[in-house]
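Visitor: For the sequence shown, the positions run 1 to 323 when UniProt numbering is used.
The hints are simulated quantities; they were obtained by calculation from the structure and are not laboratory data. Being a predicted model, the structure only gives us computed values, none of them experimental. Glycine residues also receive a C-beta, built at the ideal position from the N, C-alpha and C atoms. Heads up, a few of these hints could be off.
[Stated by the list, open to error] Straight-line C-alpha distance at most 25 angstroms; calculated DMTMM-like pairs for lysine to aspartate or glutamate:
1. Lys-278 to Glu-241
2. Lys-146 to Asp-203
3. Lys-84 to Asp-203
4. Lys-248 to Asp-118
5. Lys-204 to Asp-118
6. Lys-3 to Asp-152
7. Lys-65 to Asp-44
8. Lys-68 to Glu-89
9. Lys-77 to Glu-18
10. Lys-68 to Glu-81
11. Lys-248 to Glu-287
12. Lys-280 to Asp-249
13. Lys-232 to Glu-196
14. Lys-146 to Glu-111
15. Lys-171 to Glu-247
16. Lys-84 to Glu-196
17. Lys-55 to Asp-102
18. Lys-171 to Asp-118
19. Lys-204 to Asp-152
20. Lys-198 to Asp-249
21. Lys-84 to Glu-63
22. Lys-204 to Glu-134
23. Lys-65 to Asp-187
24. Lys-65 to Glu-89
25. Lys-137 to Asp-152
26. Lys-231 to Asp-313
27. Lys-77 to Glu-234
28. Lys-77 to Glu-247
29. Lys-28 to Asp-203
[Said to hold, decoys possible] Label pairs and their calculated CB-CB ranges:
30. Trp-179 to Lys-65: 21 to 29 angstroms
31. Gly-59 to Glu-111: 39 to 47 angstroms
32. Lys-280 to Asn-182: 20 to 28 angstroms
33. Gly-133 to Glu-196: 32 to 40 angstroms
34. Ala-178 to Asn-72: 14 to 22 angstroms
35. Asn-227 to Gln-143: 31 to 39 angstroms
36. Asn-227 to Glu-196: 31 to 39 angstroms
37. Thr-251 to Gly-133: 43 to 51 angstroms
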Amino acid sequence: MIKISVCVISYNQEDYIEQCLRSIATQKGNFILEIVIRDDYSTDSTYNICQDFIKNFSGQNVEFKLLKATKNLGANKNILEVLKNCTGEFIAFCEGDDYWCDTNKLNIQLEQATLQPDIDFFVHPAFYLHSNGELTKERWPLQEKKISMQADIFKASWQFAPTASYFIRAKVIDRLPAWFANATIGDIYLEIYAAENKVAMLDKYMSVYRYLSPTSWSLSLSKKKTNIYEKKIEHYINFLECLSCVEKDYTHISDSINIKRFSIKFQLAQLYVLTNQKCKAQQIAQEILNSQYIRSLKKRIFLKFILSSFLFDFLQKFKMLLR
Numbered sequence: 001m002i003k004i005s006v007c008v009i010s011y012n013q014e015d016y017i018e019q020c021l022r023s024i025a026t027q028k029g030n031f032i033l034e035i036v037i038r039d040d041y042s043t044d045s046t047y048n049i050c051q052d053f054i055k056n057f058s059g060q061n062v063e064f065k066l067l068k069a070t071k072n073l074g075a076n077k078n079i080l081e082v083l084k085n086c087t088g089e090f091i092a093f094c095e096g097d098d099y100w101c102d103t104n105k106l107n108i109q110l111e112q113a114t115l116q117p118d119i120d121f122f123v124h125p126a127f128y129l130h131s132n133g134e135l136t137k138e139r140w141p142l143q144e145k146k147i148s149m150q151a152d153i154f155k156a157s158w159q160f161a162p163t164a165s166y167f168i169r170a171k172v173i174d175r176l177p178a179w180f181a182n183a184t185i186g187d188i189y190l191e192i193y194a195a196e197n198k199v200a201m202l203d204k205y206m207s208v209y210r211y212l213s214p215t216s217w218s219l220s221l222s223k224k225k226t227n228i229y230e231k232k233i234e235h236y237i238n239f240l241e242c243l244s245c246v247e248k249d250y251t252h253i254s255d256s257i258n259i260k261r262f263s264i265k266f267q268l269a270q271l272y273v274l275t276n277q278k279c280k281a282q283q284i285a286q287e288i289l290n291s292q293y294i295r296s297l298k299k300r301i302f303l304k305f306i307l308s309s310f311l312f313d314f315l316q317k318f319k320m321l322l323r
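Work out the full structure: start from the sequences and follow the hints.
Guide: Put into structure tokens, the structure is as follows:
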């Protein structure tokens, strides 16, 4: 019988983790289900809730592995620790604050993978769950095509596919590079390396993405008002470094990588303006203007504005007046 492993990572998600685990453990299908969980040394009762759920759950062909944490690793290292303990032929993902809303999700994706043996990565859209409890059907970048190429991932202005939709062949894990552990985000790199042999999309909403959950990366960053710009700058610099590493592995999609690269550089230029780092802002602005990858007239005017020392200094004075 085929075994499917599910990678579950959590951190301070005591309000959501039981719903997440129940949505996984109650999946229907003719397969062995291995649920591998690592709570990343939470300061709340997330780990205890996981223990209680496993103790009280009864179901056939369901195996649990609850990994005990002795320290906080961070999201990507936590994912890698879980993946090391997955023994299934296929691996699905569901973070502790998301959940699945279709009990046939895994069986549907397994059937899809069986019919498309040349593809290693399978995804589907997810509902958005808002803080007011409203569930909405949002459109995701993955829905543009039934079969997407690796390069299509770089065209997305945000995440290509919801993490809780990922269903991969286990061999994909061997492709993940060593630098993945220290990247500031993980989803896009999982997508890129899993999509080496294309991505298959099923246009069926089978999971729920908890939008702006209190434990989400984007929301936690926005709460740190004193250093939000510095944190974003660090993130974008890391993103650029990782993209250079990706390009070494996949030189045939350099143009697509450059589209993403210069989009990130534009974000960096804006952040350097906001933090009054004139030289860095002007250096990046000139680099972007010399390239062919930013063609928006508005953006190019803004970049030329940055290059004008007089206008740059005027902008800083204007910012001071607004405070």
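Visitor: I'd like to know which numbered hints this structure contradicts. Please list them from smallest to largest.
Guide: 3, 6, 12, 13 and 31
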